[in-house]
Amino acid sequence: MSDSPITHSAGEAAHAEHPAYLRHHFNSVEQQADTANFAMWLFLLTEVMFFGGLFTAYLIYRNWYYPAFVAASHQLSIPLGGFNTLLLITSSFTMAMGVWCAETRRKSGLVLCLCLTFILGLGFLGVKTIEYSEKIEKHHVPGFHYSLNSFLNPDSDAAAKAAGDKPMALDMARHTEVYFSLYFAMTGMHALHMIIGIAILGFMIFRAQQGAYTSGHVTFVENFGLYWHFVDIVWIFLFPLLYLISRH
Amino acid sequence: MSEQNEHAHHIVSPVVYVTILFALLVGTTITVWASYIDLGEWTPLPGLVIAWNPIVALAIACTKATLVVLFFMHVKYATKLTMLTVFSGIFMFLVLVGMTLADYISRAWGRW
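Here the protein sequences come in this chain order: B and H. Heads up, the first sequence is in my numbering, so the first residue is 212 and it goes up one at a time. Heads up, the second sequence is in my numbering, so the first residue is -9 and it goes up one at a time.
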């Protein structure tokens, strides 16, 4: 008798003690889960710094070119922005429920929650597309075709007229382009995060149907939930700052 | 391996999630409603004008974000390591923004 069969069976015995998803460099399932959670938060903190830079730029430029930022923000639709907030908050809720379904091993519930999150996310992007196309039609996209008409002749523009905007001097009106640059940079980066999230959701729906997340190993669903809620939080700040604070 | 199941993974109840969803929707309604009201300005120092509308909007947004972080993102039930990570990250972010804004406010102090 050589040593190898004994080693082999000892190895098998060691494997039988823990679930297949526990990696060997972790002491326990709990430690593995805590490590993944910690790492996900480190990633999210880099995201906080990334979006934080954009928010700080917005704050400073808004103070510099205040009249231009007020007039430019009147071009956004509060009903559309508010509806999108509703969609995104609800999608965060369905995602949280998805995590609960995974934890309590409800496979069909998880698939349903992920599908709802997927649809609500697509709905958000759909509304965003309507808003973007309106900006393109009115030549409010920064660049060669940018038009100052809404700000130099506010009476010719329904949104500016409704907000009671006064005609602006040319040098201040030109700074509305800075507002729209930041608007597209911030909502665009947010939308990119949504698109990435929706793609991962599609993959997760496929895997959830195979029962991948309802056998005790919920780390992937949990960490994706953290990502999705983070994207929700970014919008919670974008909505008041871009749409609301210059309305009164 | 024996301690593996001692600290059972905390599962947040759907009742909590529904409550938070409701609170977030109420917060959104209030912030939209408040944005149409002129809340006025405050001039603590000559030349330094603080408008209340953005302050109120940001306060509501911060409250909503805190609810999401604590309950949807489970930080209230997380390990001390996670709590410390989240807190120190947000603190660091506020330090960076605070120092940047302090520079912009004070650089030309008295010359406007």
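Hints are supplied without guarantee of correctness; some may be wrong.
[As the list claims (entries may be wrong)] Computed list of lysine to aspartate or glutamate pairs in EDC-like fashion (alpha-carbon distance at most 20 Å, straight line):
no.: 1; chain 1: B; residue 1: K318; chain 2: B; residue 2: E342
no.: 2; chain 1: B; residue 1: K377; chain 2: B; residue 2: E388
no.: 3; chain 1: B; residue 1: K372; chain 2: H; residue 2: D28
no.: 4; chain 1: H; residue 1: K66; chain 2: B; residue 2: D245
no.: 5; chain 1: B; residue 1: K318; chain 2: B; residue 2: E348
no.: 6; chain 1: B; residue 1: K349; chain 2: B; residue 2: E314
no.: 7; chain 1: B; residue 1: K377; chain 2: H; residue 2: D93
no.: 8; chain 1: B; residue 1: K346; chain 2: B; residue 2: E314
no.: 9; chain 1: B; residue 1: K372; chain 2: B; residue 2: E342
no.: 10; chain 1: H; residue 1: K70; chain 2: B; residue 2: E348
no.: 11; chain 1: H; residue 1: K66; chain 2: B; residue 2: E314
no.: 12; chain 1: B; residue 1: K318; chain 2: B; residue 2: E345
no.: 13; chain 1: B; residue 1: K349; chain 2: B; residue 2: D366
no.: 14; chain 1: B; residue 1: K377; chain 2: B; residue 2: D366
no.: 15; chain 1: B; residue 1: K377; chain 2: B; residue 2: E314
no.: 16; chain 1: B; residue 1: K372; chain 2: B; residue 2: E314
no.: 17; chain 1: H; residue 1: K70; chain 2: B; residue 2: E241
no.: 18; chain 1: H; residue 1: K66; chain 2: B; residue 2: D368
Everything labelled a hint here was simulated from the structure, so no lab data went into it.
Violated hints, by number in ascending order, as checked against the structure: 1, 5, 6, 7, 8, 10, 12, 15, 16, 18
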